[in-house]
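Novice: These are the residues of each chain, in order.
Number of protein chains: 2
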Amino acid sequence: MGFTPRGFLGDKPAKAPPLFPFLLTFLLVGSRGDSNAMDNVSTERLAEESHRQDSANLLIFITLLTLTILTIWLFKHRRFRFLHETGLAMIYGVLVGVILRFGVHVPQNMSDVILGCAVNNSPATLLVNVSGRFYEYTLKGEVGRGKGHQVQDDEMLRKVTFDPEVFFNILLPPIIFHAGYSLKRRHFFRNIGSILAYAFVGTVISCFVIGLIMYGFVSFMKAVGQLGGDFFFTDCLFFGAIVSATDPVTVLAIFNELKVDVDLYALLFGESVLNDAVAIVLSSVLLRLEKQGRRGAGAVSSPGDGGPVWPQGEEGWLAENQTFAPRSIVAYQPAGDNSHSFEAMAMLKSFGVFLGVFSGSFALGVATGFMTALVTKFTKLRDFPLLETALFFLMSWSTFLLAEACGFTGVVAVLFCGITQAHYTFNNLSPDSQDRTKQLFELLNFLAENFIFSYMGLTLFSFQSHVFNPLFIFGAFLAVFLGRAANIYPLSFLLNLGRKNKIGSKFQHVMMFAGLRGAMTFALSIRDTATYARQMMFSTTLLIVFFTVWICGGGTTPMLSFMSIPVGVDSDQDSPNSAVLDGSQRRDTKHESAWPFRIWYNFDHNYLKPLLTHSGPPLTATLPTCCGPLARCLTSPQAYENEGRLFDDDSDSILNDATVSSMYADVTVSTDASGRTVNRSSGTRGLSDDCVDHDLALAEHEVAIRGTRLVLPVDDPVEPPTTVTLPSPPSPPGSEPRRQRL
Amino acid sequence: MGFTPRGFLGDKPAKAPPLFPFLLTFLLVGSRGDSNAMDNVSTERLAEESHRQDSANLLIFITLLTLTILTIWLFKHRRFRFLHETGLAMIYGVLVGVILRFGVHVPQNMSDVILGCAVNNSPATLLVNVSGRFYEYTLKGEVGRGKGHQVQDDEMLRKVTFDPEVFFNILLPPIIFHAGYSLKRRHFFRNIGSILAYAFVGTVISCFVIGLIMYGFVSFMKAVGQLGGDFFFTDCLFFGAIVSATDPVTVLAIFNELKVDVDLYALLFGESVLNDAVAIVLSSVLLRLEKQGRRGAGAVSSPGDGGPVWPQGEEGWLAENQTFAPRSIVAYQPAGDNSHSFEAMAMLKSFGVFLGVFSGSFALGVATGFMTALVTKFTKLRDFPLLETALFFLMSWSTFLLAEACGFTGVVAVLFCGITQAHYTFNNLSPDSQDRTKQLFELLNFLAENFIFSYMGLTLFSFQSHVFNPLFIFGAFLAVFLGRAANIYPLSFLLNLGRKNKIGSKFQHVMMFAGLRGAMTFALSIRDTATYARQMMFSTTLLIVFFTVWICGGGTTPMLSFMSIPVGVDSDQDSPNSAVLDGSQRRDTKHESAWPFRIWYNFDHNYLKPLLTHSGPPLTATLPTCCGPLARCLTSPQAYENEGRLFDDDSDSILNDATVSSMYADVTVSTDASGRTVNRSSGTRGLSDDCVDHDLALAEHEVAIRGTRLVLPVDDPVEPPTTVTLPSPPSPPGSEPRRQRL
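From first to last, the protein sequence lines are chains V and L.
The opening residue of the first sequence carries number 1 in UniProt numbering; numbering runs sequentially from there.
The opening residue of the second sequence carries number 1 in UniProt numbering; numbering runs sequentially from there.
Since the hints were made in silico from the structure, they are not lab data.
Hints are not guaranteed to be accurate.
Quick list of in silico lysine-lysine cross-link-like pairs, DSS-like style, CA-CA up to 27 Å [as the list claims (entries may be wrong)]:
| no. | chain 1 | residue 1 | chain 2 | residue 2 |
| --- | --- | --- | --- | --- |
| 1 | V | 380 | L | 500 |
| 2 | V | 76 | V | 380 |
| 3 | L | 76 | L | 349 |
| 4 | V | 76 | L | 259 |
| 5 | L | 222 | L | 502 |
| 6 | L | 380 | V | 259 |
| 7 | V | 502 | V | 222 |
| 8 | V | 76 | V | 259 |
| 9 | L | 259 | L | 502 |
| 10 | L | 259 | L | 500 |
| 11 | V | 259 | V | 500 |
| 12 | L | 506 | V | 380 |
Non-contacting residues of chain V with respect to chain L, defined by C-beta distances greater than 12 Å in every case (computed) [stated by the list, open to error]:
| no. | residue |
| --- | --- |
| 13 | 497 |
| 14 | 557 |
| 15 | 634 |
Even for Gly, the Cβ is constructed at its ideal location relative to N, Cα and C.
Construct the entire structure; sequences and hints are all you get.
Specialist: Here is the structure:
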């Protein structure tokens with residue numbers, strides 16, 4: 001472990017060797033020296049073999065997931081609560097990892113060729129001229145030194161290793177989108193101030209506290225000679241950033257099942273969803289910073305500085321490599337100090353980058369959400385749920401791609417896209433599509449999540465460059481604990497100064513305890529495991545995730561009962577804690593919120609909702625008269641029609657009233673919501689559930705018959721209509737039925 | 001075009017050059033010669049850039065799909081029938097292809113490196129030692145000669161080109177699974193004999209007719225000097241195999257919408273689904289055969305035979321390649337004759353392989369289906385629809401992977417898995433999961449299908465080695481037409497000898513006309529485009545697909561009205577043509593079928609259904625008494641309970657009776673089904689639709705409360721119970737409500 005396989009992060013070699021002519025060395029790893037064997041194993045056989053191997057590997061994961069599902073069922077069925085499904089997936093992953101590591105020895109397939117060439121760059125695409133035929137190779141990434149050495153043994157392990165980008169580009173987006181899409185917006189918006197504080201300020205605090213503590217530990221380790229490689233201050237901060245992302249999955253699933261206090265739930269959920277976004281942006285900014293620092297430092301370091309850090313006991317595997325140039329390995333060796341060129345200026349700059357990336361991603365996500373809402377509003381795609389669902393899925397996915405293509409953070413964009421989709425687009429969808437999208441993303445989320453956790457378990461044994469340093473691990477656990485404490489307690493104290501509905505000390509303890517680390521932390525840490533520091537971070541992070549998921553996740557139920565926090569609270573009712581906020585005082589919620597949010601509420605209700613959905617007051621009523629024609633164009637005919645229908649028949653006024661009230665309750669703009677809002681709406685729900693489906697079907701047929709053209713009645717714009725009926729009461733993505741209409 | 005870039009199919013070089021030491025040549029394509037530029041473009045920048053580019057490319061496709069969806073909606077909305085959505089997707093694809101080809105010129109990114117080395121093998125994984133760091137490269141495939149030459153211009157085009165395996169491994173499985181899952185099994189099984197005849201015998205006939213005609217054309221082309229490369233008889237047969245796969249998508253979607261005669265629909269659908277499977281296996285067997293032939297031929301050919309077939313006008317791009325060895329290029333050059341070592345022995349052997357692969361895939365697919373059915377039957381996963389859906393999805397997917405890992409054909413396995421799942425597992429699922437799985441696969445199918453058709457359109461311009469040969473294209477169109485005719489008309493004549501319900505000549509014309517080529521043909525032909533013959537095939541296939549989808553697909557509605565074939569037939573009613581088969585004669589269907597099918601029906605009803613689902617007679621009644629304990633273990637308690645419930649209350653006997661009847665109608669084992677089966681069941685449907693949901697909910701709760709243990713009543717085995725009630729009448733994957741229960 002005495003070497004630092006740098007690269008991959010783009011350290012520039014001090015000087016470029018001449019490109020033409022050059023000498024290439026070439027060695028076959030594990031080739032048994034007989035060329036006949038090589039001949040017989042023809043390309044397409046290898047490709048076939050490789051394809052089969054890939055299928056078998058994927059099959060391992062599918063089997064793992066299947067097992068997990070069956071065991072989850074058993075646990076749910078028997079009402080075991082001490083272990084969540086994610087913890088279970090991890091256990092299965094660990095088991096398979098152990099089997100693959102110690103049980104299976106696949107004969108090495110003699111096909112790995114090491115090409116050594118003096119070119120100082122690894123291109124993304126390589127065309128190899130093999131005796132006149134050209135083969136295209138794509139860069140998969142750098143492999144560790146040890147790996148080249150162990151290829152023989154670790155073929156199987158290497159095969160089950162996924163490209164880390166898979167996590168970021170395929171598995172995380174559905175998870176994050178689902179989090180946004182199923183957000184309980186009423187409670188979320190009520191606590192938005194606190195959530196933002198925890199997520200932004202708290203995560204930054206946590207990141208720096210952890211970073212500083214780790215820096216102390218690392219310095220100590222260096223002093224006592226426990227550190228086997230470089231570890232810079234930016235590395236410490238990076239570590240702080242990645243382990244500050246709490247996981248919205250595990251504990252919250254338990255909370256949801258147990259029906260814990262809704263405000264506590266909203267705080268935890270909101271925080272953990274948003275701090276994922278913060279952590280991603282923070283870590284990518286730090287990474288960028290570090291690269292720049294490294295590049296700068298690389299320029300001033302002399303090639304011989306520190307000597308070629310070359311694995312001492314491992315020359316054997318390179319015996320045939322004649323032209324090895326150890327220079328670029330040490331191209332970056334910091335010039336003496338360990339601060340890694342971390343300066344105030346860079347700090348400020350990175351803060352700017354942070355804001356830019358975050359707001360850019362935010363804007364992009366919201367913009368795509370708006371576009372989807374407009375498209376679903378102004379076409380009658382509702383008639384074809386399949387098309388609608390497909391469009392919804394594609395638009396949501398394109399957010400991610402668009403953000404990545406623009407250089408923003410796709411995952412963050414997808415989160416806000418999800419929130420926007422749930423807030424606006426969801427209301428435009430046909431009931432069928434509402435179910436479909438909800439179920440689709442639920443399924444994708446479930447599969448992706450369990451896959452990640454299985455893989456995590458597997459990685460504990462299949463990853464080949466683990467660096468477990470007891471001191472570092474101890475430090476990390478301490479730092480994570482203190483970082484979480486420094487996030488929750490001081491912020492809660494400050495927030496309680498402004499909150500009417502205080503966050504009790506018990507709740508603070510629960511929030512402290514529930515700071516699990518999960519998929520996001522894992523994905524961030526596996527993204528780059530090229531350096532010693534990163535490997536140590538990865539191994540430690542893995543342990544932190546395991547510990548929190550198993551111990552904290554499993555301990556949640558005992559913890560709650562120990563804290564005597566009431567469970568079984570109906571999420572639609574207010575919690576005992578916030579019971580003062582009953583219907584008659586609901587309008588206080590609005591006043592309770594800070595003025596920016598009040599402005600936002602009004603703006604949303606008066607302009608965005610009518611513009612983007614079929615509900616809300618017609619724009620003709622809310623926009624100034626000068627915008628009359630535009631307002632008429634943009635207002636959905638249903639806004640008028642619903643109004644008219646409401647005035648026409650009073651028979652179903654109870655349902656309408658209740659629905660309207662709950663709509664108002666949702667966004668807390670209760671211009672005319674009666675005092676009995678909550679009771680009434682929850683009372684009506686049981687009654688209306690039976691007939692909803694038939695109503696929906698009728699409403700949908702009506703829509704289908706009505707045709708696509710925007711029928712613009714020439715009525716005068718009426719007074720701000722506070723009563724609108726729902727043509728198709730949706731059941732929302734989360735578990736709150738029919739509350740998203742406003 | 002005077003060269004034959006072989007390889008990739010594994011031709012063995014005549015003699016292996018010594019491996020060590022060797023000389024490597026190395027040239028940078030398009031490098032502007034200044035090494036500074038190379039230095040600055042660091043690896044991670046490139047990776048980032050590449051990632052962005054990939055995102056942008058994927059975004060193009062998503063945008064295409066989004067556009068397609070919107071236009072489809074417009075078309076459906078306006079009731080345009082002349083162009084199906086797939087044709088539309090192709091048009092959009094073509095437009096984007098044109099833009100990419102002629103409009104966009106992305107500056108080439110200087111990152112492609114050509115490594116030339118004298119090793120006579122292209123390994124699957126390449127480790128490149130770049131100045132001491134090791135990078136892993138994975139084989140992407142062989143690139144055409146022209147490609148290396150044009151890298152500068154075609155960067156963008158190359159980027160939007162997917163790995164052909166993507167089609168086979170990602171896009172086709174959901175399409176095929178959906179086809180199997182949504183198969184209307186009643187009509188399918190009623191016509192199973194004819195369908196099998198068309199699919200197996202017909203496809204083989206078509207393959208050989210097309211192959212022979214093409215061989216004639218190719219020989220003629222060779223004679224008049226129109227052929228620019230090699231084209232062997234196996235190539236012709238391969239072409240016959242790939243264009244014999246008719247597409248179950250386009251016309252059938254139209255047929256389904258128009259509600260054409262159900263038997264015609266079943267014949268077309270069944271044939272096109274099954275002949276996909278036949279074509280896959282046939283083509284892969286031919287490929288294997290060809291490889292062996294080529295290998296054998298390669299061994300006897302002298303290196304100089306025919307002279308090095310080397311592009312004459314293109315030496316420029318290889319000017320720096322010093323050690324080019326043209327030997328292996330011509331390693332396979334057939335020894336004079338063009339028959340490509342196609343012999344009777346090989347023919348017979350390949351028939352054996354065909355049977356082996358087909359039956360293996362079939363068995364695997366059915367086995368996984370059985371396993372899923374057993375798992376869903378004996379666990380109470382129904383209580384958790386999410387888990388159930390996830391399990392269903394994973395098990396279905398694992399079929400594909402398992403088959404591929406075993407060396408069978410995944411797509412074929414997935415087809416039969418889909419049929420089995422629909423026939424058994426579907427009945428065990430909770431109503432919620434039934435909807436979910438149906439909708440999920442519908443969505444996946446829709447997306448995959450439209451993606452493939454968009455990509456097809458794009459490929460027309462983005463594919464870089466098109467070989468459009470007018471004579472060959474003319475021959476191909478003629479051959480496809482004749483091949484289809486040779487399939488349909490003679491077989492229909494023969495089948496009509498045995499069929500009571502004759503296939504009219506009008507129907508035959510429609511079947512002839514509706515032989516569209518689609519996704520499968522495309523996927524099969526793009527799988528390998530390395531040789532001249534394959535490229536010509538690919539280009540021609542593309543044109544055939546375009547023609548059939550646009551002309552035949554668009555012309556279906558006029559064709560039907562021209563033929564005066566009645567539309568608007570209720571798929572649950574019998575068609576006018578088969579109106580003789582009304583309820584009272586339904587049991588004749590059984591006798592009408594050949595005895596193997598009768599045996600199968602009885603076996604299925606008496607043993608498989610009770611074993612794999614909750615319906616059917618208890619196994620205790622159907623199995624011999626010696627198997628009593630086993631039968632009691634395997635019989636679902638619901639089978640007894642339902643029985644008991646039926647005897648208990650007579651109030652809902654009409655519904656029960658109808659349901660039972662429709663069950664019997666489904667599999668046509670009508671031991672006690674009354675004469676009024678069809679009328680009654682369709683009469684009850686409208687009535688029962690309203691209360692089904694509530695019933696289901698009740699039934700489900702009951703199940704949830706009852707717990708998991710199999711409660712085994714100690715009743716004596718009753719007489720073969722022909723009356724069972726449905727605890728939860730499912731709505732099936734297709735459009736036939738509640739017919740799958742048996």
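Novice: It remains to establish, for every hint, whether it holds in the given structure.
Specialist: Hint by hint, here is what the structure shows:
Only pairs whose Cα atoms come within 27 Å are accepted, and residue 380/V paired with residue 500/L is rejected, the gap being roughly 46 Å. Note on residue 76/V and residue 380/V: the hinted pairing is violated, with a Cα-Cα distance of about 41 Å set against a maximum of 27 Å. Between the alpha carbons of residue 76/L and residue 349/L the distance comes to roughly 50 Å, so the proposed pair goes past 27 Å and is violated. A threshold of 27 Å between alpha carbons decides the hint, and for residue 76/V with residue 259/L the separation of about 45 Å lies outside it, so the pair is violated.
With a C-alpha separation of about 45 Å, the suggested pair residue 222/L and residue 502/L falls outside the 27 Å cut-off, and the hint is violated. For the suggested pair residue 380/L and residue 259/V, the alpha carbons sit about 24 Å apart, so the restraint of at most 27 Å is met. At most 27 Å may separate the alpha-carbon atoms for a hinted pair to count; residue 502/V and residue 222/V exceed this at roughly 45 Å. The suggested pairing of residue 76/V with residue 259/V holds, with an alpha-carbon distance near 16 Å, which does not exceed 27 Å.
For the given pair, residue 259/L sits about 20 Å from residue 502/L by alpha-carbon distance, which is consistent with the 27 Å threshold. Restraint check: the Cα-Cα separation between residue 259/L and residue 500/L comes to about 23 Å, which is no more than 27 Å; the hinted pair holds. With a C-alpha separation of about 23 Å, the suggested pairing of residue 259/V with residue 500/V holds against the 27 Å cut-off. The suggested pairing of residue 506/L with residue 380/V is violated, with an alpha-carbon distance near 38 Å, which exceeds 27 Å.
Separation of residue 497/V from chain L is adequate, the least Cβ-Cβ distance of about 42 Å exceeding the 12 Å criterion. Listed as a non-interface residue, residue 557/V keeps its Cβ farther than 12 Å from every Cβ of chain L; the least gap is roughly 19 Å. In this structure residue 634/V is separated from chain L by more than 12 Å, as the shortest Cβ-Cβ distance comes to about 19 Å.
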